[in-house]
Each structure stands twice: as structure tokens, then as C-alpha cells.
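K.L.:
In case you want the letters, here they are:
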Amino acid sequence: MAEEITKEIIDAIEDPESIKVLATIDRHGVPHVVAKGTISVTEDGQIRYYELLESSQTNKNVTYALWFDRQVAINIITKDKKSYQIKGIPRRSLVAGKEYEKAYVTVLERSADNDLAAVYFIEPVSVVEESYPVRLKEENEKHPLYIHIDRLAKDA
Amino acid sequence: MADIISKELKDIIADPNTLKVLATVDKNGVPHVVFKGSFHVNEEGNLVFYEVLESAQSNKNLVHSIWFDKKVAINILSADKQSFEIVGKPLKSITAGREFEKTYIALRESKGDIDLAAIWIIEPEQIKNETFSVRVSEDEEKYPILKHLDRLFVQ
Amino acid sequence: MSINDKTKWRENELSYEQVLDKYPDIPPIVALKIDVSRRGISYTDKAFAKVDPNVHHVEPYDYMIGHGQNVSPIGLFLRDGSVICQAHSKVYDWTYRDPYILDVVDDKLVIVDNDKVYEEAWFWEKPDFYDKFTSNGTPMRMVASARPQRITIAPATKCHFWDNPKEGCKYCALFSGHRAANDEGDIRDDKWFQDVEETVKEAIKQKGRYASYHMTAGSTLSGAEIFDDEVDLYINTLHAAEKAFKVKKFPVKLVASAFSKKQLRRMYEETAITTYTTDLEVLNKDLFGWVCPGKAKHVGYEEWKQRLYDAVEIFGRGNVDCGIVGGVEMAQPNGFTDEKEALKAVLSEAEEIASHGVSFAECVWNTLPGAIFMRQKTPSLEYYVQLALGLAEVRRKNGLNIYTDDYRRCGNHPNTDLARID
Chain A
1 MAEEITKEII
11 DAIEDPESIK
21 VLATIDRHGV
31 PHVVAKGTIS
41 VTEDGQIRYY
51 ELLESSQTNK
61 NVTYALWFDR
71 QVAINIITKD
81 KKSYQIKGIP
91 RRSLVAGKEY
101 EKAYVTVLER
111 SADNDLAAVY
121 FIEPVSVVEE
131 SYPVRLKEEN
141 EKHPLYIHID
151 RLAKDA
Chain B
1 MADIISKELK
11 DIIADPNTLK
21 VLATVDKNGV
31 PHVVFKGSFH
41 VNEEGNLVFY
51 EVLESAQSNK
61 NLVHSIWFDK
71 KVAINILSAD
81 KQSFEIVGKP
91 LKSITAGREF
101 EKTYIALRES
111 KGDIDLAAIW
121 IIEPEQIKNE
131 TFSVRVSEDE
141 EKYPILKHLD
151 RLFVQ
Chain C
1 MSINDKTKWR
11 ENELSYEQVL
21 DKYPDIPPIV
31 ALKIDVSRRG
41 ISYTDKAFAK
51 VDPNVHHVEP
61 YDYMIGHGQN
71 VSPIGLFLRD
81 GSVICQAHSK
91 VYDWTYRDPY
101 ILDVVDDKLV
111 IVDNDKVYEE
121 AWFWEKPDFY
131 DKFTSNGTPM
141 RMVASARPQR
151 ITIAPATKCH
161 FWDNPKEGCK
171 YCALFSGHRA
181 ANDEGDIRDD
191 KWFQDVEETV
201 KEAIKQKGRY
211 ASYHMTAGST
221 LSGAEIFDDE
231 VDLYINTLHA
241 AEKAFKVKKF
251 PVKLVASAFS
261 KKQLRRMYEE
271 TAITTYTTDL
281 EVLNKDLFGW
291 VCPGKAKHVG
301 YEEWKQRLYD
311 AVEIFGRGNV
321 DCGIVGGVEM
331 AQPNGFTDEK
341 EALKAVLSEA
351 EEIASHGVSF
361 AECVWNTLPG
371 AIFMRQKTPS
381 LEYYVQLALG
391 LAEVRRKNGL
401 NIYTDDYRRC
411 GNHPNTDLAR
421 ID
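So the sequence lines, in the order shown, correspond to chains A, B and C. Here the first sequence is numbered in this note's numbering, starting from 1 and rising by one per residue. Here the second sequence is numbered in this note's numbering, starting from 1 and rising by one per residue. Here the third sequence is numbered in this note's numbering, starting from 1 and rising by one per residue.
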């Protein structure tokens with residue numbers, strides 16, 4: 001079942017000043033991570049991204065993930081350093097058709113040098129806030145004894 | 001292994017406005033990607049970063065990688081949108097000792113009441129320029145006609 | 001002549017490489033740690049030449065049984081940040097397997113077997129407090145010891161299970177030597193507790209060095225109720241250490257006798273302690289009676305288990321763990337003769353105990369000089385790998401923590417090392 005992406009995260013994804021990265025794994029288990037400005041969220045809460053380069057390693061890896069029901073991971077970092085990680089399974093790849101063509105025209109409008117290899121739809125499986133203060137609070141609550149004891153010294 | 005990170009890339013990594021992101025894989029093959037601001041290059045040309053959260057998934061994944069000789073990937077994103085991907089292997093995890101303590105103290109002096117789980121050293125094996133314009137040029141050169149025909153249409 | 005020339009041990013069990021092939025889930029570096037713990041490691045002269053007592057943590061290398069002549073670092077680091085709690089191993093005429101070798105290649109310390117280099121290693125560093133003295137003139141290294149990320153205080157150096165002949169635990173060389181010593185016993189007076197307070201205060205000045213305060217000792221049986229005096233000693237020692245801290249509770253690892261519910265409640269309410277460990281040593285009632293006759297006589301296997309379960313009620317699931325001497329279930333003549341049978345029995349019992357919220361910390365049994373079992377033969381590497389993987393799976397299935405005995409806060413348990421990736 002898909003995990004819900006909140007409005008806060010959607011806003012972060014849509015903010016042009018946010019940086020979005022996509023991590024995938026090849027068939028040998030080697031990770032690959034690149035920035036992908038074309039990541040967005042569909043109305044029904046799926047992650048959509050436009051793969052602009054047919055030959056890209058990401059394209060191969062997302063295909064592999066789609067074939068074998070494997071996960072990919074996306075991280076979005078906002079200008080004020082909030083970070084969210086979404087993991088999901090690619091469910092569909094559009095390489096033709098009206099919807100694809102509409103996307104193609106969109107990417108061409110951004111730059112005439114662009115092409116469009118595919119539109120991928122990724123079903124979110126987990127959504128986690130990775131902002132450091134949030135993670136630190138979680139760690140302190142879940143593992144309060146993960147601490148070097150000099151920090152607890154009377155004169156520390 | 002030879003120092004394969006160029007001076008230009010080292011300068012980009014050292015720039016405080018550069019974003020550095022680490023991608024690792026867990027024992028079940030699930031990727032994990034997070035930003036790690038502490039990445040830098042040491043004298044031996046290896047990548048180093050400070051894992052401050054013991055329970056971090058990236059920490060567990062790095063342990064798995066060092067145990068089973070698996071690779072990790074780091075992307076370096078400069079302020080002017082250059083992008084480089086470095087694929088490498090965790091070489092060492094420093095969890096105690098003088099070097100650990102020195103880093104622990106320095107981190108606490110600069111960042112406040114913070115802890116340190118490990119210093120990770122990653123040996124780079126392969127570097128690729130993933131800057132979009134560079135990749136587009138590469139594709140143009142390799143596959144000059146691998147494009148939609150409407151882009152080849154003579155007006 | 002190698003030991004193998006005499007005993008042919010390499011022909012009787014799977015090699016390290018064969019074990020890795022057969023069990024791809026075991027990280028090679030963890031399997032190596034198990035094997036070094038099992039077989040020991042002997043330093044070459046070149047390796048000894050790398051030892052600097054001003055920098056490295058050294059002890060007389062047979063310090064566990066009293067009065068050694070040479071010094072050896074007491075542990076090694078591996079590149080994944082884990083440790084091997086092993087000093088230089090001597091070879092005796094009864095030694096069954098060749099130890100690994102710690103040598104120097106290209107100016108690096110390396111772990112070698114059969115002329116093959118397996119891993120680089122580093123010596124542990126000496127704690128800053130080691131060369132200091134308390135205001136009473138006591139060397140602080142006599143008050144506390146340390147591992148790379150924990151400080152240890154042993155309030156009692158005698159174990160009174162050894163007071164009666166043959167009642168001590170048969171694998172143990174820690175306390176067996178004290179039977180023979182003419183020591184008066186430990187004097188734990190105000191001066192000593194002051195030494196503890198000063199040593200702990202001094203130790204935690206070394207920033208980043210300690211993630212855990214550890215206390216353990218031999219069993220003290222005396223008191224109105226059995227172990228009451230031991231509880232008092234731990235409470236008083238903790239109260240001395242607590243003066244160094246600004247918080248009521250901090251990471252304390254206590255490895256103690258099987259306290260009753262009343263005693264556990266006292267420990268929990270009156271001190272900083274948050275976790276508790278008591279060791280069943282061997283997960284089989286009949287073998288417990290043979291291997292640990294004193295524990296069996298004074299408490300008993302079922303009661304020891306019950307006390308573990310009682311501890312979970314007070315400390316919570318995953319905050320209580322049980323140490324076992326992995327492999328001792330194969331000691332002869334009364335132990336298992338078949339490794340498959342032994343493993344099945346041990347893991348089944350572990351599953352039962354874990355279902356009550358108790359984790360396990362398994363040590364790799366090494367036959368130590370001075371122990372009653374010193375001439376025994378330990379199981380194969382294959383057995384230990386299966387045991388570590390099996391115990392890790394038991395812990396996972398039951399959703400239990402083990403951070404109090406993990407790679408950083410202890411470092412001596414391959415099964416808890418595996419928790420690093422969970």
C-alpha cells in the first residue's frame with residue numbers, strides 16, 4: 001500500500017529552490033545517485049519523474065527496479081535544510097502516448113536540448129523526515145544511552 | 001590506490017556551499033540516500049565523513065558494505081550546478097582512539113552538544129561527471145541521432 | 001613443527017574460507033574475529049616491536065591468572081571499527097590448534113594464518129587515566145580498567161563460588177587463580193570508594209573515550225539473603241561513581257550474580273543502572289550443573305532463568321541480557337558430541353528465554369591456562385558461526401535490543417556485532 005506524502009513534503013518537492021536526488025541500484029548491487037530536478041508528485045500521491053537521458057545509469061537502474069519490484073530512494077533538501085527521504089517502487093514507465101507527449105513538450109519548453117526517455121511513476125513505500133534536528137530527537141528518545149559519558153560529567 | 005580525486009573536485013568538495021549526498025544499500029538491497037555535510041577529502045585522497053547518529057540507517061548500511069565488500073556512492077553538487085558522482089568502498093570505520101576523540105572534541109566545539117558514532121573513510125574507485133550539460137554533450141556525441149525526430153525536423 | 005602437524009586439526013574441520021562459502025550471511029571480518037577468539041593470536045617479534053607502552057593499552061599478557069612477565073596489548077581493532085578482545089597467546093603442549101599470527105607487513109600490523117594475510121589490525125590505546133594516581137596514592141589502573149569505549153570497575157576480585165573446592169565455573173580462569181593466591185581479599189572501605197570517585201572523574205575527562213560504565217565482579221554469596229553483600233558492594237561502588245555525573249541515570253552495564261526481584265528493585269531504584277546482565281553460561285540444565293556447580297548448587301538453573309525474567313519486569317524488554325560461553329556445551333565427557341545436536345539444543349533454549357524479553361551476549365569459549373577446562377577442545381569455526389547467526393536471528397525475531405553489550409559498549413560478542421546492521 002502506498003505511503004502518503006504530506007502537503008509539507010509536496011511543497012518542498014515543488015519548491016524550485018529545493019534540491020532533489022534519486023538513488024538507485026544496478027543489477028550488481030552498486031548504488032547510483034544523481035540530482036533530478038524533474039521529480040514531482042502526481043494528484044494521486046505517486047512520485048513522477050522525467051528521465052531525460054536514455055543512456056543514463058539511472059534509467060537502467062529504475063527499469064531494473066521496476067522489473068524486479070525493487071526500491072529506489074529520493075531525498076529532497078529545502079533551502080532551509082529540511083530533508084525528506086521517500087522510498088518507493090517504480091510501477092510504470094511511460095515511453096509513448098498522450099501523457100508522455102505532454103511531458104515531452106514540457107521538458108522541451110525548459111530547454112531545446114532536452115529529450116525525454118521516459119516518465120516514471122514510483123509508488124511511495126516509506127516517507128521519513130531526515131532533517132538532522134528531527135533525527136537527533138528520535139535517536140535521543142529511542143536510544144537515550146547512545147551517548148559518550150563525558151557529556152554527562154558534572155563539570156561538562 | 002592512487003589519489004583519483006582531482007584538485008578541482010577537491011576544491012568543490014571543500015566549498016561550504018556544495019551539497020554532498022551519500023547513497024548506501026542495506027542488507028535487503030534497499031537504497032538509502034541522505035545529505036552528509038561533513039564529507040571532505042583527506043591527505044590520502046580518500047573521502048571522510050563523520051557519522052553523528054549511531055542509529056542512522058546510513059551507519060548500518062556502511063557497516064554492511066564494509067563487511068561484504070560492497071560499494072557506496074556519493075554525489076557532489078556544487079552551487080553552480082556541477083555534479084560529480086564518486087563510487088567507492090568503505091575502507092575503515094574509526095569508532096575509538098585518539099583520532100576519534102580529536103574529531104569528537106572538534107565537532108562539539110563547532111556544532112555544540114553533539115555525539116560521534118564513527119569516522120568513515122571511503123576509498124574512491126570511480127568518478128563520473130554527472131553535470132547535466134556534460135551528460136547531454138556525451139549523449140550527443142555517442143548517440144547523435146538517438147533523439148525524437150521532431151528535434152531533427154528542419155524548419 | 002606446527003600444531004597441525006601433531007593434531008591434524010585442519011583436516012578435521014572446515015577452513016575459514018570453506019565456512020564463508022557455506023554461510024554467506026556471515027561477514028568475513030566477523031568470522032575472522034570469531035576464529036581469532038577461538039584459536040588465539042600469537043605475536044611475532046616484529047609485532048611486539050610495534051608495541052609502545054606509552055601509547056598502547058598493555059597488560060602482563062597472562063594477567064588474567066596473575067603475575068605475567070611480558071607485556072602485551074590486550075586487544076586489537078579491525079577496520080570495521082570492531083574489536084578483538086585478545087592479547088598475545090602462548091602455545092602450550094596441550095594447545096590443539098595453531099593460533100593466528102600477528103605480524104608486520106609493509107610496516108602494518110596484520111593478522112596472518114598459513115602465510116596468508118587476512119586483515120590489518122591496530123592496537124588499543126591506553127586510557128589517559130592509566131598513569132595517574134588518586135589522592136590516596138592508588139594507581140588509577142588498579143581501580144579501573146578499560147576497553148576502547150568503556151570503563152570497567154571490578155569491586156570484587158574474588159569469586160566465592162571458588163571457596164568450595166570444584167564449585168567454580170570450569171571454563172573460568174579469571175578467578176581460579178585467586179584460589180591459590182594468599183590475598184587477604186578486597187578491602188572496600190571509604191578510601192577505596194574515594195579512589196573510585198576520583199578515577200571515574202578523571203577518566204571521563206577524556207572526551208569521546210567512554211560510552212559505557214561497566215561493573216562486574218566475582219560472586220559474593222554472603223548476606224541475609226544470598227548475594228545481599230554483593231548488591232551492597234555494587235550499590236556503594238555505583239554511588240561513588242555517580243558523584244562524577246550530573247544525571248541520575250547514565251549508561252551502566254552491570255554483569256552480576258542472579259539477583260532476586262527485591263535486590264534488582266533496589267539496584268534499579270537506588271542507582272544509575274538501566275540495564276542488567278546475569279550469565280547462565282550454558283543453555284542446558286544438566287550441563288549447567290556440571291560446568292557451573294556452584295551456581296547450580298546455590299541458585300539453580302531454573303531459578304537463575306526466573307531471575308532473568310524477573311529482571312525484565314523491572315528493567316524492560318531488551319534491557320536484560322544473559323552471557324553465555326559459546327561452545328562450552330561441547331565440553332567432554334558430559335557435553336554434546338554432535339555439533340548439530342548442540343546447536344539445536346542451545347538455540348531452542350535461547351528462543352525460549354528470549355521470548356521473555358532477554359537478549360544474549362555470547363563469548364567465544366577459549367581454553368585458558370588456569371581453567372579446569374584448559375585442556376578441552378573447543379568446537380569448530382563452523383559451529384561458532386552458526387551460533388552467532390542463530391542467536392542474532394533469535395534476537396531479531398523477538399524484537400530485542402542489545403546495545404548494552406554491543407560492539408562499542410563491550411565488543412566481545414560476535415552475535416551482538418551482527419546487530420550493527422539491524
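Calculated directly from the structure, the hints in this document are not laboratory data. A few of these clues could be false.
Claimed, not checked - Derived CB-CB ranges, DEER-like:
1. A:E101 <-> B:I114: 48 to 56 Å
2. A:K154 <-> C:D5: 56 to 64 Å
3. A:D69 <-> C:K248: 22 to 30 Å
4. B:P144 <-> A:Y64: 54 to 62 Å
5. A:I10 <-> B:R151: 50 to 58 Å
6. B:I4 <-> A:Y64: 25 to 33 Å
7. B:I114 <-> A:D11: 47 to 55 Å
8. B:I114 <-> C:K46: 22 to 30 Å
9. C:E341 <-> B:N42: 31 to 39 Å
Beta carbons: idealized from backbone N, C-alpha and C, even for Gly.
K.L.:
All hints, please: hold or fail.
P.N.:
Against the structure, the hints:
1. For the pair E101 (chain A) and I114 (chain B), the supplied restraint of 48 to 56 Å holds, since their beta-carbon distance comes to about 51 Å.
2. Checked against the given bound of 56 to 64 Å, the beta carbons of K154 (chain A) and D5 (chain C), roughly 59 Å apart, stay inside it.
3. Range check, D69 (chain A) to K248 (chain C): Cβ separation about 49 Å, and the 22 to 30 Å hint is violated.
4. Against the hinted window of 54 to 62 Å, the Cβ-Cβ separation of P144 (chain B) and Y64 (chain A) comes to about 27 Å, which falls outside the hint.
5. Remark: the range hint 50 to 58 Å for I10 (chain A) to R151 (chain B) is contradicted by a beta-carbon distance near 32 Å.
6. A hinted range of 25 to 33 Å for the beta carbons of I4 (chain B) and Y64 (chain A) is consistent with their spacing of about 27 Å.
7. Separated by about 29 Å at the C-beta atoms, I114 (chain B) and D11 (chain A) break the suggested range of 47 to 55 Å.
8. Checked against the hint of 22 to 30 Å, the C-beta distance between I114 (chain B) and K46 (chain C) comes to roughly 40 Å, which is inconsistent with it.
9. At about 51 Å, the CB distance of E341 (chain C) to N42 (chain B) disagrees with the hint of 31 to 39 Å.
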